[in-house]
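Chains as they are written, first to last, in this note's numbering: chain A, 3 to 117; chain B, -17 to 96.
Source of the hints: derived by calculation from the structure; they are not laboratory data. The structure presented is a predicted model; accordingly, all values stated were derived computationally and were not measured. Among the hints, a few may not be true.
Said to hold, decoys possible - For lysine-lysine, the following DSBU-like pairs were computed, each having C-alpha atoms within a straight-line distance of at most 30 Å: (1) B:Lys31 / A:Lys15; (2) B:Lys31 / A:Lys59; (3) A:Lys97 / B:Lys31; (4) B:Lys50 / B:Lys31; (5) A:Lys97 / B:Lys43; (6) A:Lys97 / A:Lys59; (7) B:Lys83 / B:Lys43; (8) B:Lys43 / B:Lys31; (9) A:Lys97 / B:Lys83; (10) B:Lys50 / A:Lys97; (11) B:Lys83 / B:Lys31; (12) A:Lys15 / B:Lys83; (13) B:Lys50 / B:Lys83; (14) A:Lys59 / A:Lys15.
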Amino acid sequence: KAGVTQTPRYLIKTRGQQVTLSCSPISGHRSVSWYQQTPGQGLQFLFEYFSETQRNKGNFPGRFSGRQFSNSRSEMNVSTLELGDSALYLCASSKDLAGGTYEQYFGPGTRLTVT
Amino acid sequence: AQSVTQPDIHITVSEGASLELRCNYSYGATPYLFWYVQSPGQGLQLLLKYFSGDTLVQGIKGFEAEFKRSQSSFNLRKPSVHWSDAAEYFCAVASYSSASKIIFGSGTRLSIRP
């Protein structure tokens, strides 16, 4: 079974620009979560989408947004990029939460550098 | 608010020696607890998880962890480390109501001495 894939793997953008990152979950997984990883703040939860709806949200400004498509693929968008947005962005997918068990599978991440 | 503390930023152990990585959490109810490993340039891989039941959980790669409610701890152990275990290890917590919103600790970097 193919794992979580993220594209692109590396990205360089300039301050003020916007960027879109893509995540394809494991087949059959309906939940997709996004995390930001930086040396200073560590791993922080951005948001989660399930069945095309945002179900949970972290404490990030409105410049960070996302969406999920009917095939469960997800995109996240960052507008008006700032230098502090330079980070590794990780996507994770999981099956439905029904049943009380839970396990997230992470992709390799997209390394975003803002100059 | 939920939080996770990993008090050791960096640990070095000799190959073949035993390992224990510490993790303390703060959460009101019974949490979901996880240990993840991240190799350089890679995403996160789940080592093991605790939801309920037996407090000693076995994971992949020979790792195990013990949930101690009285100490709010979930320490990761391995009886004999291999050079390939060198990586960053993250303890994490989530709640049943927001199981997708995982709160991660700051991580412990493990180095292996030949």
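Verification of the supplied hints:
no. : hint              : verdict
1   : B:Lys31 / A:Lys15 : violated (37 Å)
2   : B:Lys31 / A:Lys59 : holds (23 Å)
3   : A:Lys97 / B:Lys31 : holds (16 Å)
4   : B:Lys50 / B:Lys31 : holds (14 Å)
5   : A:Lys97 / B:Lys43 : holds (23 Å)
6   : A:Lys97 / A:Lys59 : holds (18 Å)
7   : B:Lys83 / B:Lys43 : holds (26 Å)
8   : B:Lys43 / B:Lys31 : holds (14 Å)
9   : A:Lys97 / B:Lys83 : holds (14 Å)
10  : B:Lys50 / A:Lys97 : holds (28 Å)
11  : B:Lys83 / B:Lys31 : holds (15 Å)
12  : A:Lys15 / B:Lys83 : holds (28 Å)
13  : B:Lys50 / B:Lys83 : holds (22 Å)
14  : A:Lys59 / A:Lys15 : holds (25 Å)
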